[in-house]
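One line per chain: the protein sequences are P and S, in this order. The first sequence: position 157 = 157 (my numbering), numbered continuously. The second sequence: position 413 = 1413 (my numbering), numbered continuously.
These aren't lab readings, by the way, just hints derived from the structure by calculation. Be aware that one or more of the hints could be misleading.
As the list claims (entries may be wrong) - Partial chain S-side listing against chain P, Cβ under 7 Å, derived:
no.	residue
1	V1157
2	L1160
3	R1162
4	P1175
No residue lacks a Cβ here, since even glycine has one placed at the ideal position from N, Cα and C.
The residues making up each chain are set out below.
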Amino acid sequence: MLLTAKDIVKAYRAGERPYPVLFGVNLALREGEVVALLGRSGGGKSTLLRILAGLIPADAGEVRFKGKRVEGPVEGMAMVFQTFALFPWLTVLDNVALGLEARGIPKGERLKRAREAIALIGLRGFEEALPKELSGGMRQRVGFARALVVEPEVLLLDEAFSALDPLTAEGLRGDFLDLWLSARISTKAVLMVTHNIEEAVALADRALILQGSPARIGKEIPIPLPHPRDPSDPQFRALVDQIYEALTPREEVERRLEEELLRLPDARVGALMSLAEAIARLGGRADLPLLAEEEGLEVDDLFPLLEALELLGFARVEKGDVELTPAGLAWAEAGLEERKVMFAEHLLRRIPLVARLHRALLERKRVPEGWVLNRLKEHLPEPEAKRVLSVLLEWGRYAGLLAYHEGSRMLHLPHPSR
Amino acid sequence: MALTRIPERPNRHDLLALLLTLGLLALFLEASREAVGPFHPSPISLDPAKLPEYTLRTTFRMGVAFLFSFLFTLIYAPLAAKTRLEPFLIALLDILQSVPILGFLAATAGAFAALFPGRALGYELAAIFAVFTSQAWNMAFSFYQSLKTLPRELEEVATLFRLSPWQRFLRLELPFALPGLVWNAMISMSGGWFFVVASEAIAVGKTQVELPGIGSYLATAIAQGNGLAVLLAALSMLVAILAYDQLLFRPLVAWSQRFKYEERPGGQPARSWVLDLLRRTHILRGIAEALYSWALETLFQLERRRPPRRLTLPLWAVALPLLLLGGMGALALWRQLQPLGWSEVAKVFLLGFLTFLRVVGVLLLAAAIWVPVGILLGLRPRLAQRVEALLQFLAAFPVNLLYPFFALLLLRYHLSLEVFSAFLMALGTQWYILFNTIAGSMALPEDLKEAARSLGLKGLTLWRRLLLPGAFPHILTGLITASGGTWNAAIVAEVVQWGPVTLHATGLGSYIARWTLEEGQGPHLLLGIAAMSLYVVVINRLVWRRLYRLAEERFRF
Chain P
1 MLLTAKDIVK AYRAGERPYP VLFGVNLALR EGEVVALLGR SGGGKSTLLR
51 ILAGLIPADA GEVRFKGKRV EGPVEGMAMV FQTFALFPWL TVLDNVALGL
101 EARGIPKGER LKRAREAIAL IGLRGFEEAL PKELSGGMRQ RVGFARALVV
151 EPEVLLLDEA FSALDPLTAE GLRGDFLDLW LSARISTKAV LMVTHNIEEA
201 VALADRALIL QGSPARIGKE IPIPLPHPRD PSDPQFRALV DQIYEALTPR
251 EEVERRLEEE LLRLPDARVG ALMSLAEAIA RLGGRADLPL LAEEEGLEVD
301 DLFPLLEALE LLGFARVEKG DVELTPAGLA WAEAGLEERK VMFAEHLLRR
351 IPLVARLHRA LLERKRVPEG WVLNRLKEHL PEPEAKRVLS VLLEWGRYAG
401 LLAYHEGSRM LHLPHPSR
Chain S
1001 MALTRIPERP NRHDLLALLL TLGLLALFLE ASREAVGPFH PSPISLDPAK
1051 LPEYTLRTTF RMGVAFLFSF LFTLIYAPLA AKTRLEPFLI ALLDILQSVP
1101 ILGFLAATAG AFAALFPGRA LGYELAAIFA VFTSQAWNMA FSFYQSLKTL
1151 PRELEEVATL FRLSPWQRFL RLELPFALPG LVWNAMISMS GGWFFVVASE
1201 AIAVGKTQVE LPGIGSYLAT AIAQGNGLAV LLAALSMLVA ILAYDQLLFR
1251 PLVAWSQRFK YEERPGGQPA RSWVLDLLRR THILRGIAEA LYSWALETLF
1301 QLERRRPPRR LTLPLWAVAL PLLLLGGMGA LALWRQLQPL GWSEVAKVFL
1351 LGFLTFLRVV GVLLLAAAIW VPVGILLGLR PRLAQRVEAL LQFLAAFPVN
1401 LLYPFFALLL LRYHLSLEVF SAFLMALGTQ WYILFNTIAG SMALPEDLKE
1451 AARSLGLKGL TLWRRLLLPG AFPHILTGLI TASGGTWNAA IVAEVVQWGP
1501 VTLHATGLGS YIARWTLEEG QGPHLLLGIA AMSLYVVVIN RLVWRRLYRL
1551 AEERFRF
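When you get a sec, could you build the whole thing from the sequences and use the hints?
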C-alpha cells in the first residue's frame, strides 16, 4: 500500500453549522496502478485530493503515505494542477527546478535534472521560454515535468487534462501513458481526479466513484482492459456506460430530491430548454454518453441539468438513460410564452424554496435579497448559498414569478404585463 | 486604490490607530519644543552654477526617501498580511494616509533637528521624512493587497513543494506584487516632489530653515523677484523629474511586466530604452545575473542550515507597549488640547467645513472639465499616449513653486483668495482626474463601442449609456487620488505670499499654516491637523468607499 486514506471526514463551515463534504472516505492506492477518482462537480473530488496531498487537513480520519501519517505535504508525492499553476515570472527551466530548489539541491545538479525532465516530456528547446510564450498543452507539459523531476512515488493529477482542447489533451495523455507504461519515470502509482469518463477508462486500472452528499466512495469499477485501449471497442463502451450509471444512482437522486431541495443544481434556463429539446428530438429517451456527445457537454455540465429536469418533474434518469416525462415532452415542444407558464407551475409545485419565496413576496410585496441569502446561509455555506440564490433568481425571473432590482437589491413581484 | 479591504464602519482598531497616531504626533510636538536651537545655514545663492548641485541634492533626498519607503513596505506589509496584528496595522495605515503631513513639517523638522543639534542633518531627515510619508503608506497598501490576493494555485504549489519562507517570499510573493508596487511607487513619487519642495524652505518657529535644493532656490528667486532664476529652477525641476522617470521608473515598469500574473489583452507593452540597453549589455547583465543567483543560492543555503525559529511573541508583548504608547499619546493629546476649550474646537470644525466646500467644489469643477476631455482623448489612443507622458509630468511638477505668481495675479486683479485658493489647491491634483479618465476611456471594450456605433447611439445617450458609466471606476480612482492631494494642498494654498504681502483665506488649511509659524502653539496645530484628518477619514468612509464598491460591482467589465 503506497497511500491509504481511512475514514476521512471533512466539512466546511456554513454560518454556525458545519456543511459536510466528505464523510467516511476510504481508499487505498497500490504500487503499479492508476486510479481514477470520479464524482459530480462540487462533490468533493478536489477536496479529497488536497487532503491526500497534505495541502488541507481532514477533520477526522487519517492519511498514510508508506505507512507514515500525512500531516502536511510530503516528499514522495507531487501534483499536476488543472490550471497548470506555473510561475509566470520563472522560465520553464526555473519552474521545473522549483521543487528541487526547495529541497536545497545545489544549482548545477538541479538544473541538470530539470533539463532531463524537460527532455523527457518533450519540451527540449523551450528551457529559457517564459510560460506565457507557450500554448496550453506545452504549459501542462511543464506542469508534468515540474511534478516528475522530484521523482515522486505517487503522482496526483487534478483534472490535469481538462483545461486543454480535446486533441491536445489526447496527445498529452498518450505521451504520459507511454512514460508510465515504459516505466521511464520513478512514479509507482497515479491517482487522477477527472470528470471525463472516457479519460478515466482510457488511462486507469480502476475507477472510484464518489457518491452522495457528503460524499464517500460509493462504487469501485475495475477497468481490466489491456493497453493500448480503443475507445470504439465494445468493452470500452460498456465500461463508460457503467460509470455513467454509477454516477446517477436512482436511490441517491430520490434521496436528494426529498432532503436537499435547498441545493438547487447549477442549471441555466437556456441550457435546460435546449437539453429538453435535444432529448425530445432523440425520441424522448436518450443514452447519457450519447447525449453528452450530441450536445457537446462535459459530464460536469450535463449532470446539474439532468438534476434540474428531474427536480422539475420534466425527466427521469435511470441506468445511464434519461427519459422525458409527459410534462417534460410537452414543455420541450411548447411555444415561448407557454413554456414560461409551465415552468412557473412546475417551480411552484415541485420546488418548495420557490413556493416559499413566492408566498413571502405575495405577503410583503418586497423582500430584500439579503434576507433570502441569510435564510439560505442557515443551511448552506456562503458560496453555495450565493450560488443557489443566483439560480433561484434566474429561474424565478424567467418564470415571471419575481423581479429583482439591482440598485436596492430587492426582490419584488413583477409588474403585470399589460 | 486599496479601499476594498477596509470595512465601512470604523471599529476599535480604527479608534486605536487614530488615537495612537494623533498621540504620537502630540509627543512629537512636545519634543520639538526644545528644538529651537541655533542653526546657521549658508544662504541660498542664485548663481546658476550652483543649480546643478541643488538639483542633485533635491534628487538625492527623493531617492533616500524612496529607499526608506521601499524598506518600510517590505517590512510593514508582510507583518500586516501575516500576523494577528492585521486589522490594527491596516487601520493604522488608513489613518496615517489621511493625516495632512504638510501641517506637521515644522514640527517634524524641529524634532529631527533636536536629534542632531546644530547640524543640517536633522532638517535633511525632516525633508526626507516628509517625502517618505507621501509614499510609504500607498506602497505598503499595494504590497499588502497583493499578499492578500496571491493566486490560490500558486500558493498550493509553494506549499506542496515545501518552499522555505524566504523561497516563498522571493519566488512567489514579491514577484507577484511587483507590478502593482512599481506602479504605485511611481505615482507616489510624483506626489513626493510637492513635499520635497515644501520641506526645503520652511519656518520652524522664528528660524527660517533653508536646505540647499531646488525648492529653496526657487523660494529665494521669488523673494528676490529674479525671473531668470525662476525659469532656470523650473527647468532643473523638469530635468530631475524626467531623469527619475526615464532612468528609474520607465525601466522598472517595463521590467515588472514580466511579473504580471494575468495577461490583459490590448494595451501597449511599456518600453524603456534604458532597460533595452541594459538587456543588451553582456558583461553587466552577466554580472548582475550571476550576483543575483549567487545571492539567492547563498540565502537559501543559509536558511537551510539554520532554519528560522518561528518567532511567536505572545499577543500581550506587542499589545502592551502599543497600549502604553497609545495611553501616553492620549494623555499628551489631552494635556495639549484641554486648554483650548470647546469653542476653539467648534471653530476649527467650522473652518474645516469651509475648506471642505472648496475641495468639493473645485473637484466637481475639475471633473466637469476634465472628464469629457479625458474621454474624448481616450477615444483617440494615439493622441492620448502622447498626452499621457506630458500629464504625468504635470502631475509630478510641484505646483506649490508657482503659488507666489498666483498671489501676484490675485493682488493685481484684486481677486479674493477665499475663492481662488480652491483653484490653487487643485492646480496640481486635477491631472489625476484627467489621466485616470483617459485610462478609463481607453479601456472601454472595443465590442461595446462597436455595438454602440451599430445601434446608432449618439450625443447625450452615448455619453450616458456607455462612455460615462464605462469609465466610471477609473474616474472615481482619479477623484479619490485627487481628493487626498487637494486636502493636503489646502495647507499651502490657503496662505500665499508675494514679496512682503501675505494673503489669507478663511479655512482649516490657513489655520494650520498660521499656527505652524507661531512659536509654542502646538495645541492649535494639533487640533487643526486632527480635525483635517477626521474630515478626510470620514469622507473616505462615507463617500469614496461606497462609491468605490458601487463601481466595483456595477461598472466593471
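Tested hints:
1. V1157: 5 Å, holds
2. L1160: 5 Å, holds
3. R1162: Holds - the Cβ of R1162 of chain S comes within 7 Å of chain P, reaching about 5 Å at its closest.
4. P1175: Holds. Min distance 4 Å.
In summary, the structure agrees with every hint in the numbered list given earlier.
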